[in-house]
Structure formats: C-alpha cells, structure tokens
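Based on the provided sequences and hints, a complete structural model is requested.
Here's the letter readout for the chains.
There are 2 protein chains.
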Amino acid sequence: MAEKNISIAADRDNPNLILILLLLNKWGYVSGEDISKKLGVTRSAIWKQVNNLREMGYEIESSTRLGYRLVNSPDLILPEEIWSKAKLELLGKNIHYFSSIGSTNEKAKKLAISGAPSGTLVVAEQQTSGKGRLGRQWVSPSRTGICVSIILRPEMAPYEAPKLTLLTAVAACETIRKQTGLLAQIKWPNDILIDGKKICGILTEISAELDRINYVVIGIGINVNNYYFPEELIDRATSLSLILGRKLNRKELLVGFLESFESHYNLALKDNFKEVMTKWRKLSCNLGRHVKITGKAYSFEGNAIDIDDEGALLVKKDNGEIERVFSGDVSLR
Amino acid sequence: MAEKNISIAADRDNPNLILILLLLNKWGYVSGEDISKKLGVTRSAIWKQVNNLREMGYEIESSTRLGYRLVNSPDLILPEEIWSKAKLELLGKNIHYFSSIGSTNEKAKKLAISGAPSGTLVVAEQQTSGKGRLGRQWVSPSRTGICVSIILRPEMAPYEAPKLTLLTAVAACETIRKQTGLLAQIKWPNDILIDGKKICGILTEISAELDRINYVVIGIGINVNNYYFPEELIDRATSLSLILGRKLNRKELLVGFLESFESHYNLALKDNFKEVMTKWRKLSCNLGRHVKITGKAYSFEGNAIDIDDEGALLVKKDNGEIERVFSGDVSLR
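Chains B and L supply the protein sequences, listed in that same order.
Numbering of the first sequence is given in our numbering, commencing with residue 20 and proceeding in unit increments.
Numbering of the second sequence is given in our numbering, commencing with residue 20 and proceeding in unit increments.
Be careful, since some hints might not be right.
[Stated by the list, open to error] Derived BS3-like pairs: lysine-lysine, alpha-carbon spacing no greater than 27 Å straight-line: (1) B:K126 x L:K129; (2) L:K293 x B:K126; (3) B:K315 x L:K293.
If you are wondering where the hints come from, they were derived from the structure by calculation, not from laboratory data.
This is the structure in structure tokens:
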C-alpha cells in the first residue's frame, strides 16, 4: 500500500475522539452506540471514520454486538497517540503532524511567525530536507526516527537561549538512557552520542530583538529504527535499533522525551537552569577531556573544564588561558 | 489629490530608466528620441511612463523639440531617487518601496525568510503600525520621516549582533550631526536624542541558530519633518524640522545615512567594530553619567562607565560592583 501524504493540524481540546476512545480502550470493545451517544454523531459517520483510520493502518475489529476494538496501531506518531499517552500541559496543546515534510524547523518557524502559541509541536514521520547545525543535512527516512520541533516563547534574553539547547540535550539523553539502558552521552553543545556515534541532533533557532526572544524553535532528531546509513555517515552515526538489534517503539520514546523536556523546562524557569546545568555536566562526554575546537577561522586544543552560566564551553589551553567557546565543532582527542 | 498606495520591488540592475535619466539630468532636457534609442522603447511608451510619473507628483515639462525636463520632484523616496544620489555597493541593490506599510521590519523579516539577499532595503513613506523596542509603538505619519529596514546576513555569532545596533546608532548620529549641525547624541543602546528628546529609534531583530546568524533586520526611524507629536510623546520626542524651523530633504538624509552605514559596516567587518566602538563612546550621552537602569524585574542606579566588547553597558554601582547591562531602559539622572 502506498503511503498517503497526510498533514493534520490538531488541537488537544478538539481531538479525533473515536481514535482517542479506541486508544484508551486498547484490546477492549467500544460500542458503536456509546460512541454515537458520547460524540453525538450517527452510526454511519462512525463507520466512515473507522474506515479512515483503517486506511491509515489501524487494525480495528468490528462486531455488530460488541462494537469496535483496536487490535493493532500502525507505526505513526499521530497527535492522538501523543495525547492518549503523555502527561503534558504546555507542550502539544497544538500539534502539526506531517507524514512527510521538508524540515520540521522550517515549518515551525513559519507557524511561530503566524502566532502559534508556546508549546506548539511539529511532528513528522519523514523529513525530505532535514537540517542539522550550520546548514548541514540531517537524514530522516520515513518512520525510522523521531523528528519533532518545539515552539517556545520564553521570557528570556537571547543570550540565554543556548541553555535551552543544553536542557533539550539533557531531556533527550536521560530519556534514551531510561528507555534503552544504553550509555548515551552529550557532546557539547547539542549532540547525543552512544559509543562515539551520533544518535540524536538538536537544532535551536531563535528570533529575537536584542533584549528579548520572540520565539525559539528547537528541533530534535533521534535515530531510532534506521537500519542503514549513507556510506559517508556510517562511522559517525548510528541508530538505537542498530545497537540493540530490535525495533523500538517511537511513540513511547517521543512521549518520554516530551514529558522529560516539559518537566525540565518548568524547573529551569524556576531555578534558572541550575539543575539542568548540573545534570548536563554529569551526562557530558566532554568535560575533563582533551578536545580540539574547530571554528571557521581558527582551531585550538585544550582541556574542556566546564560550561559557564551562559552555556559556553570553557576550554583551558596548554598555556593556561581559558577560552569561552560559543560555537564551532568539538572533537574529542 | 488623494495619495495612491504604491508598492514597488525594484532591482538596481533594472531601474525605471526614464526616471533615472530625468533625475540625472535635472534641469536639463532629455530628448524623447534619445530615451527611445537608449531604452529601445517607442515614443508613445515613453509618453505613458512620463504620465505615470506625473501622477506620482513629478513635474515634468515636455517640449516637442527639446524633449522632457524634470522641474520638480515630489517628496517621495523612490528607489531611483536613492540610486541616482547614493554611492552604495552592498545596500540597496534590491529596494522594496511602499507608500504605506504596517511595519518595515515585519516586511523585511518576511523578505529575509524568502531569501532576500544581504543589503536589501525596505523603505516606506508611512508606517501604520510601526514598532519600537519591546513591542512599543513608533509613530510615523506619511512623508514626515525616514522609515527604512536593512536586511543583513553577516557571518557573525548571534551574541555579536548588539554591535550592529551600536554601528547603526553611530551612522545615524553622525549623519544627523553632519547634515543639520545639531548635537545629536546616542543613548544606550539604540536611541538618538537631541536636547534629551528622541529623534531616531533603532530596532534590531535577528534570526539565528545558536552559533550563526541567519539574518539581521535593522529598522531605523528618524523624525524628520513631523510638525506635531501626540500629547503623550511631546516631552520625549521631537523632529529635526521642529528644532530647525524648516523642512528638511528626506532623500538627502536617507542617502547620507545609508552611505555612512555601509562604510562603517565594511570597516567593522575588517577591524571587528573597533572604530565603531570608539566613535560610539564619543557620541554617547550615557558614559560618565549617573544612570538608572529599569528592567522587567529589577532596577538599580550607578555610573555608566563604558561599553564592553559585546556592546553591553557597564554600570558601576555605589557599592563598587560592576553590572553588565544587556537590556532594560536607561534613564539619565
């Protein structure tokens, strides 16, 4: 069956209720009469919607006497899948879902300009021109990874935005460790590595006046069920399934990440990122290591000794000078 | 005559050549035959275009024998007016002109997202919802002031962007001093004052990844020929014409500013803003003065002693501590 290209703009206050009822009653029957009463729609309208869901890959049994029963869900991260599983306040009240999109960050920026509220998510099963840092490409074939962009409107000065990237890295790293048991580590500022190979990338973009942020878009890409990578990436990138030798549940991973992100975000606004910074230091693979920093016009080596309050990496050079690094590539020596 | 609402997207390589010829030969005749030959258009096409210009307010004499002669130009800052007067390389290759627009910065941001090149200008005779810093209103009635937004794509880290605001303030302040003889001064970070009243505001907005700028939009509003201000602004704002008692040439002022901006910008990219910072210090009315800083959640007083390399204001408090101020309002005591 060819995949249909679907895009959905959904509001948590106005979900696809039939799908929500089926998801919340998984393995149990939901009677057509109940649905009809609860939703105030006709039996034939329900039948039509059930068939729509079947076309998307939901296996739904129907029995004239018992009603409908969800037997199997497709590997799709539809908004209702998130809402039925996640405990979230800020994130995901509005979700824009795409079976395929150029780049979730580009879409999120457009939505932010049109006034999308803080917490809006853009979720895609596939990105056809996914972006990494510095305009680099990010490979994300259909239904293999997690591609999500978060729109935030924090009351912060622009120079504080790097801390949001650290926070995102902490949430992603903790979630991966918790759900897989793998020793994921953060490479400053925004990569998650396992055994030295990249498993997750974060791209933070801001729109700001000089002293206030208009919006932040944080894009997160996690390599979950990719079973191969292009030749040129094979030494540097991997996926959770390649390491574990099994397919993972992308929905659970995304929901876990979003819950972790939201709780860290709420805490950070209260304690000014104190706990996030402490956790980041523990999860980092840079600190205490000899690193080489490569920027556009310079490169130098030294020991990564800490990050400072603004999220810059502090590197002590051999001559004892300490450099604050805001940008550039870091390689471990 | 009611003003027509005009918008023009113009490219320096493809100007309205008839207007350019008339502007460059002001007071002299340009023969219809010459125009016809140079531009490869018919005499009747020229006649039509001349009439278009007349409708916009250009007084053009025509003589069957001698051709066309520009007698008087309306008070409009059309792209051709800029091109025929200004020596610019980077700025103004593309100019988007509006007789009326909501906000030049909003328009410039949209153009930047669609890929408008560095140096693109948005010029408007009037803003109906002009913006100042922190979402404040900026009053700009038709044909009274200068409303221009500059799109730049410098290879800089976002934390360096505040220096572009300082540069803009230096260019505006110098141009006003040079063309009017008035003692304009810069109030940190982005206001130009004369005798304590605001004459010019600057609003810098950036779109960035954490370590590189996508684009910067710098909006500049100068009160030139305003002859009154709303009651609530009368103590805080003024215009050049109210001070001088005469109407000023807005085109000359804009061209002078753009030339000054471009030369300071080119220099700053070479010397890392060294000269701009030196000039800023000299033009500032803050340094060496007692100031009160008012932010969202705090306020304090002290002596403004300097700006640092990132453009932050250094304020020495009574207890000797030095605060780096990135945002907030500064009032002189």
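Comparing the hints with the structure gives:
no., hint, in the structure
1, B:K126 x L:K129, "holds (14 Å)"
2, L:K293 x B:K126, "violated (39 Å)"
3, B:K315 x L:K293, "holds (21 Å)"
Checked against the numbered hints above, the structure violates only hint 2.
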